[in-house]
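Here the protein sequences come in this chain order: A and B.
Mapping to full-length UniProt numbering: the first sequence position 72 is 72, numbers consecutive.
Mapping to full-length UniProt numbering: the second sequence position 8 is 8, numbers consecutive.
One should not assume that every hint holds.
Stated by the list, open to error - Partial chain A-side listing against chain B, Cβ under 8 Å, derived:
hint, residue
1, Glu21
2, Ile97
3, Leu112
4, Ala120
To be verified - Derived lysine to any residue pairs resembling SDA-like cross-links, with alpha carbons at most 25 Å apart:
hint, chain 1, residue 1, chain 2, residue 2
5, B, Lys20, A, Ser22
6, B, Lys37, A, Glu27
7, B, Lys118, A, Ala76
8, B, Lys118, B, Ala99
9, B, Lys20, A, Asn10
10, B, Lys25, A, Gln116
11, B, Lys20, B, Arg72
12, B, Lys118, A, Gly28
13, B, Lys25, B, Thr81
14, B, Lys70, A, Gln111
15, B, Lys70, B, Ile94
16, B, Lys118, B, Arg96
17, B, Lys20, A, Val82
18, B, Lys20, A, Arg126
19, B, Lys118, A, Glu27
20, B, Lys25, A, Gly28
21, B, Lys20, A, Ser53
22, B, Lys20, B, Asp45
23, B, Lys25, A, Glu78
24, B, Lys25, A, Glu27
25, B, Lys70, A, Leu114
26, B, Lys118, A, Val82
27, B, Lys37, B, Arg13
28, B, Lys25, A, Leu114
29, B, Lys20, A, Leu114
30, B, Lys118, B, Arg78
31, B, Lys20, A, Ala73
32, B, Lys25, B, Met62
33, B, Lys37, A, Glu43
34, B, Lys20, A, Val117
35, B, Lys20, A, Ala72
36, B, Lys25, B, Ala114
As the list claims (entries may be wrong) - Covered stretches of chain B (in silico footprint by chain A; criterion: 3 or more residues with CB under 8 Å from a CB of chain A, positions within the stretch not fixed):
hint, segment
37, 30 to 41
38, 64 to 78
It is worth saying that the hints were derived from the structure and are not from the lab.
Predicted, not measured: the structure shown is a model, and the values here were computed from it.
Idealized CB from N, CA, C, for every residue including glycine.
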Amino acid sequence: MSVEVEVDENDLAEMVEQVWESYLDPEGISPLMQTYDENQPSEVHSSVSITGSWTGHVVYASSRAAAQRAAAAFLAMELEEVSEEDISDTLGELANIVGGNVKAMLPPGAQLSLPQVVLAPESSARYPNTERISGVYGLWEGEPVSISMWQSSTDTKEEGA
Amino acid sequence: MTPMRAMVIDDSRAMRMILKRIVTKLSFEAVEAGDGKEALDLLADMTEVPELALIDWNMPNMNGLEFVMKVRADPRLREMTLVMVTTESEQSQIVRALAAGAHEYVIKPFTEGAMIEKLALLGLVPTGANS
Chain A
1 MSVEVEVDEN DLAEMVEQVW ESYLDPEGIS PLMQTYDENQ PSEVHSSVSI
51 TGSWTGHVVY ASSRAAAQRA AAAFLAMELE EVSEEDISDT LGELANIVGG
101 NVKAMLPPGA QLSLPQVVLA PESSARYPNT ERISGVYGLW EGEPVSISMW
151 QSSTDTKEEG A
Chain B
1 MTPMRAMVID DSRAMRMILK RIVTKLSFEA VEAGDGKEAL DLLADMTEVP
51 ELALIDWNMP NMNGLEFVMK VRADPRLREM TLVMVTTESE QSQIVRALAA
101 GAHEYVIKPF TEGAMIEKLA LLGLVPTGAN S
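Extracted from the complex, chain A is given alone in its bound form (with noise of 0.2 Å):
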C-alpha cells in the first residue's frame, strides 16, 4: 500500500518534548539536547510495528545509562533502585507511547503492534526491507537517546512508482 508520510522530523520532536515533560523531566531542567547525528551509539532499543497503511517502525534507542535514568524517573526511583524489568518495561512503554502517536497522524487503517524490547544496540535489530526516514537523535544528560522511524520498503518502492 503506498501512502505519503505525513510525519516529519519536528513531529517527532514535538512527541519527544511531551513525553519529557510527561514522563522524563517533568520539572523542565532536563531536555533531551538535540545533536542530529544520526550516528550515534545506543546500547538498548525498543520499537512497535506499524502496519497497515503505512508499514514500518518506529524504534526508540538509548544508552544504558539513558534508559535507567528514564525507568528511574518513570518510576520514581532512585538510579541504583533500577532493575533490568523496569529498564525493559519502560523502554517498551516509550516505544508504546511515541508510536501510538505517530500512528495518529497516519492515514486510517494502520495498527500499532505490541512493543519488542532488545536489550542489545539498535544496530543489532533487523527490520528487513526498511529504510530510516525520519529520526530525533540527542543527548540527554549527556546521554545518546534517539527517536527514528523505519519504513517498509515495499511503501517505498510504490512511493516511488
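Following the hints, put chain B in place on chain A, whose structure we already have.
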C-alpha cells in the same frame, strides 16, 4: 468513610505505577491488572466494584475496547466510571471507545495535572485537587 477504589489496567508495569501513584495521591485505593481478562477476573471476585477504571487500549489477551464492551454488558459493573488511557489518539478511535461505553479519554503522554483535571471533570475528585 470507605475510600474510593480505582482499577488500573495496563500491560505496562511502568504505566501502571504512574497511574497508581496519581490515584493513590487522590486517596483512591488502587488495584492493578495487566490486561482486560485479568481485570474481569479480578472484578468477578470483588464484592464491591471500583468506582473508576483506567484502561489502556493495546493489551494482550483482551484489549481495552473489548474490556469496555464486556463491562457495559454487565449490569453489576454499571456504576464503574471507565476512562481510556491510551496512545490511540485518532478521532475515529476516540469515537469508537466512547460509543462502546467509555466515559472519558486521556491520551498518552499525559501530565499528572491533566489526569487529575480529567478525573475532576468526571466528578471523581474535587475541582482544584490539582493545585
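Inset, instruction - Could you tell me which of the numbered hints above are not met by this structure, giving the numbers in increasing order? - result: Hints 4, 6, 9, 10, 18, 21, 26, 28, 32, 33, 37 and 38 not satisfied by this model.
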